[in-house]
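A.B. asks: Residues per chain, in single letters:
There are 2 protein chains.
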Amino acid sequence: MSLLKPRGTYHHGNLQAALIAAATQMVRANGAEHLSLRAVAAEVGVSPSAAYHYYPDKDSLISGVGQELFERLADLQEAALSQFPGKSAKAARARFRALGRAYFDWASSEANLFRLMFGGFCSIDFAEAQIKRQESRAWNLLCSCLDDLQASGDIKKTIRPYGEILSWSTVHGATALIVEGHLPAASFESVLDGLELSLGIGK
Amino acid sequence: MSLLKPRGTYHHGNLQAALIAAATQMVRANGAEHLSLRAVAAEVGVSPSAAYHYYPDKDSLISGVGQELFERLADLQEAALSQFPGKSAKAARARFRALGRAYFDWASSEANLFRLMFGGFCSIDFAEAQIKRQESRAWNLLCSCLDDLQASGDIKKTIRPYGEILSWSTVHGATALIVEGHLPAASFESVLDGLELSLGIGK
DNA sequence: CTCCAAATCTGAACGATGTGCAGATTATTC
DNA sequence: GAATAATCTGCACATCGTTCAGATTTGGAG
Numbered sequence: 012m013s014l015l016k017p018r019g020t021y022h023h024g025n026l027q028a029a030l031i032a033a034a035t036q037m038v039r040a041n042g043a044e045h046l047s048l049r050a051v052a053a054e055v056g057v058s059p060s061a062a063y064h065y066y067p068d069k070d071s072l073i074s075g076v077g078q079e080l081f082e083r084l085a086d087l088q089e090a091a092l093s094q095f096p097g098k099s100a101k102a103a104r105a106r107f108r109a110l111g112r113a114y115f116d117w118a119s120s121e122a123n124l125f126r127l128m129f130g131g132f133c134s135i136d137f138a139e140a141q142i143k144r145q146e147s148r149a150w151n152l153l154c155s156c157l158d159d160l161q162a163s164g165d166i167k168k169t170i171r172p173y174g175e176i177l178s179w180s181t182v183h184g185a186t187a188l189i190v191e192g193h194l195p196a197a198s199f200e201s202v203l204d205g206l207e208l209s210l211g212i213g214k
Numbered sequence: 012m013s014l015l016k017p018r019g020t021y022h023h024g025n026l027q028a029a030l031i032a033a034a035t036q037m038v039r040a041n042g043a044e045h046l047s048l049r050a051v052a053a054e055v056g057v058s059p060s061a062a063y064h065y066y067p068d069k070d071s072l073i074s075g076v077g078q079e080l081f082e083r084l085a086d087l088q089e090a091a092l093s094q095f096p097g098k099s100a101k102a103a104r105a106r107f108r109a110l111g112r113a114y115f116d117w118a119s120s121e122a123n124l125f126r127l128m129f130g131g132f133c134s135i136d137f138a139e140a141q142i143k144r145q146e147s148r149a150w151n152l153l154c155s156c157l158d159d160l161q162a163s164g165d166i167k168k169t170i171r172p173y174g175e176i177l178s179w180s181t182v183h184g185a186t187a188l189i190v191e192g193h194l195p196a197a198s199f200e201s202v203l204d205g206l207e208l209s210l211g212i213g214k
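Same order as they appear, the protein sequences are chains F and Y. When you line the first sequence up against the numbering used here, it's residues 12 to 214, in that order. When you line the second sequence up against the numbering used here, it's residues 12 to 214, in that order.
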């Protein structure tokens with residue numbers, strides 16, 4: 012199903028999905044703060060009012076975009092984990108690092124989308140259920156990764172209870188600071204090094 | 012000098028400062044994404060065009076607000092540090108914790124201002140010099156705090172080189188995630204506990 | 001003190017935006 | 001095939017950022 016409404020027809024056929032797709036591309040290019048509902052509608056070949064049948068306002072459209080992005084990010088993390096299968100301590104450690112790197116790589120290659128997700132553009136009310144679900148999916152991936160490290164005795168015992176919260180906070184913080192230009196991009200690897208060291212990962 | 016232009020006068024007398032002050036209050040209340048240049052001008056008692064004498068566009072006004080906020084944050088951190096003077100290891104540790112808490116407390120009590128600072132609203136170009144200066148002021152406070160901990164042998168040697176970058180990333184990440192509703196507020200203290208533990212602070 | 005230039009502010013205007021509403025068009029159901 | 005629901009259009013309105021010509025005031029030079 013194409014994004015553009017077929018000429019001469021009245022019904023689009025797939026408007027909601029097309030709106031999200033077009034909005035996503037436009038946010039990716041120009042940032043969520045410059046998204047125009049009218050431009051999205053025009054891109055899709057539909058009148059501005061048509062969007063209001065699926066979203067009560069522009070913010071909800073944006074939240075809809077965010078909803079999909081959180082799913083995409085969880086997928087990405089899943090893919091990162093599956094790159095290093097196996098039960099060895101080495102593999103577990105590689106998975107941990109891959110998880111952090113995937114988060115950062117995604118954010119820096121799609122800065123505008125990352126901002127939309129974590130910059131307060133998604134009204135948590137609207138897409139709360141779906142977003143929370145995808146977020147806990149990603150959270151569980153991180154948990155299992157840390158569990159694997161724990162199983163191979165590759166993480167300091169006293170610190171283990173803080174593992175998830177510390178890892179996410181640190182990786183997210185470094186990512187956000189770098190994306191917004193407050194830290195140089197090169198420092199992300201240092202952060203990963205320091206995080207592993209401080210958690211006692213990899214000896 | 013009042014915010015409102017004295018009635019019957021033509022010149023305001025303190026427009027630039029008044030614009031920043033009014034804009035700050037409005038962002039504080041409604042968020043930077045809902046700031047209206049016209050509303051700011053009206054609040055100050057001036058025509059919308061008057062603002063363009065001091066800022067080439069709305070984004071620059073917002074950057075001007077951000078500029079002041081970074082200064083205010085650095086002041087806040089300075090105040091936090093001075094709450095626990097002394098050379099003892101205990102005092103140094105209290106300073107480290109106070110630094111993190113000040114960052115978080117400020118952010119959660121002024122979520123909209125925090126978002127303005129770190130959410131990509133400040134065009135780094137415009138206020139780059141001044142913002143970077145205040146940021147490095149805060150950075151230096153963190154450095155000296157970690158130096159103190161190092162002096163009292165209260166931080167793991169191998170981790171020390173990562174101290175600043177890890178601390179800022181972790182505290183900023185946890186703060187941002189909590190402010191945006193991705194983590195419960197209560198988890199911030201856990202993050203601080205975990206951070207100290209993982210850095211080897213306080214034994 | 002006077003006059004001129006620079007600084008500061010106004011007013012009206014333009015195009016674009018988000019949104020509401022009445023009604024047109026198409027799909028669905030009986 | 002007719003009634004009902006789903007979808008979409010067209011127009012309107014208020015608001016917004018921004019521009020620009022010109023009004024008003026200030027400050028300094030003569």
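FYI, nobody ran anything at the bench for these hints, they're computed from the structure. Check before you lean on any hint, since a few could be wrong.
Intra- or inter-copy, both count: the list cannot distinguish identical chains.
List of simulated lysine-lysine pairs, DSSO-like, C-alpha gap at most 30 Å [to be verified]:
no. : residue 1 : residue 2
1   : K101      : K168
2   : K69       : K168
3   : K69       : K98
4   : K101      : K69
5   : K101      : K167
A.B. asks: Now look at each hint and say whether the structure bears it out.
C.D. replies: Verification of the hints:
1. In the homo-oligomer, the alpha carbons of K101 and K168 lie at most 30 Å apart both inside one protomer (18 Å) and across protomers (25 Å), since each shortest distance falls under that limit.
2. Taking the closest pair of Cα atoms, K69 and K168 never come within 30 Å of each other, the shortest separation being 47 Å inside a single copy and 51 Å across copies.
3. With identical chains, the CA atoms of K69 and K98 are never at most 30 Å apart, being 47 Å at best within one copy and 55 Å at best between copies.
4. Neither within a single protomer nor between protomers do K101 and K69 lie at most 30 Å apart by alpha-carbon distance, with minima of 47 Å and 52 Å respectively.
5. For the homomeric pair K101 and K167, the shortest alpha-carbon distances inside one copy (16 Å) and between copies (24 Å) are both at most 30 Å.
Violated hints, in rising order: 2, 3 and 4; the structure is consistent with all others.
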